[in-house]
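Here the protein sequences line up with chains A and B, keeping their order.
Take 0 as the starting number for the first sequence in numbering that gives the first Met the number 0 and just add one per residue.
Take 0 as the starting number for the second sequence in numbering that gives the first Met the number 0 and just add one per residue.
Wrong hints could be hidden among the right ones.
Stated by the list, open to error - Listed next, the in silico DSS-like pairs over lysine-lysine satisfying Cα-Cα at most 30 angstroms (straight line): (1) A:LYS10 <-> B:LYS24; (2) B:LYS107 <-> A:LYS10; (3) B:LYS24 <-> A:LYS148; (4) A:LYS3 <-> B:LYS107.
Calculated from the structure, these hints are not laboratory results.
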Amino acid sequence: MEIKVLTNIHKANDDIADRSRALLDSNGVFCLNVMASPGAGKTTLLLAMIRRLREKFRLGVIEGDVSSTVDSEKIAKEGIPVLQINTGGGCHLDANQLSGAYPEMPLADLDLLFIENVGNLICTAGYQLGEHKRIVIASVPEGDDKPYKYPNMFTVVDAIVVSKTDLIPYMNYSLEEFTRAVRAINPSVPIFPVSATTEEGMEAWCDWLEKESAR
Amino acid sequence: MHELSVTQSLLDLALEQAALHDAQKITRMDVVVGRLQGLVEDSVRFYFEILADETPAQGAEVRIEMLPAMASCRECDSQFELEEMNWVCPNCGARTLEIISGRELYLKSIEVD
Ligand SMILES: Nc1nc2c(ncn2[C@@H]2O[C@H](COP(=O)(O)OP(=O)(O)OP(=O)(O)O)[C@@H](O)[C@H]2O)c(=O)[nH]1
Ligand SMILES: [Mg+2]
Ligand SMILES: [Zn+2]
């Protein structure tokens, strides 16, 4: 006997993510899932965001890491709540791991919760975590052709941050080329060129985030 | 790569469906995968053998239907395969495309006894 199933294999994951989102909503927490390649500048961007937003919002961070605690220690130094999830070699965070992590955070005392996903541009894109918005950081040293290589990622995100723009003068990188590649498959996604080093572009990026979180 | 967790999800889904229909044994699974998922067929089969061991899906045939990454042009509506590094409509030269297939990842059906 044949049984028609026609069910997305991420359905179980997405169901858990939906429940987590409801939990976050009931606590008034806006959650951002930050995806990128290894070393794209996720932690550095989060630190720069924390410095900018901490006066106005109560912040928290969940750090997804393959093994180390280096990143969560950097966040903890800022004195904001941080929780580390070690995936033990896993290439992405999933909704199940997060559903265990959210209740460990002081949700009632948070406005914004940032998740640093595992450094990976393929696997992370398939897994909802219960977040409200998801972004990808594409750093300048990775090259302006990234959208061609990871079209899935660049179409599922709500915003794209181009990081390390202070390095453009030293690299064979064209922001126009990058934008053109993104626009070919995703005409409407906002793109924010940012340098965490010079702070250039941070204001526009944080303004977007603030607006989205207020919706 | 996430073949391990994808395969586990596939198996879980199939076992759940089989149980729902009181089936004792799964003999085949039909899976649809889009190219953009970057999934490696061989490793799905490899993990499946390990994960399905001693479950009702043990020994099941895993058929994987690979769908190409297809785009359609927002200007002239023509459809074509999305080629690496060249996102231009071959018909009208426009650079505004919509991905219409290639992101699929679902269990289509199972054959049970
Ligand atoms: N020049 C420059 N360097 C940066 C910028 N942002 C990050 N970096 C550097 O890039 C390197 C990696 O930054 P991280 O923030 O650790 O990157 P990550 O994505 O969190 O890395 P993983 O968590 O290991 O995947 C560090 O040496 C940072 O100092 C930037 O805006 N400009
Ligand atoms: Mg980091
Ligand atoms: Zn066209």
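Verification of the hints:
1. A:LYS10 <-> B:LYS24: Since the Cα atoms of LYS10 (chain A) and LYS24 (chain B) sit roughly 23 angstroms apart, the hinted pair holds (cutoff 30 angstroms).
2. B:LYS107 <-> A:LYS10: holds, 13 angstroms
3. B:LYS24 <-> A:LYS148: With a Cα-Cα distance of about 40 angstroms, the restraint between LYS24 (chain B) and LYS148 (chain A) is violated, given a limit of 30 angstroms.
4. A:LYS3 <-> B:LYS107: holds, 6 angstroms
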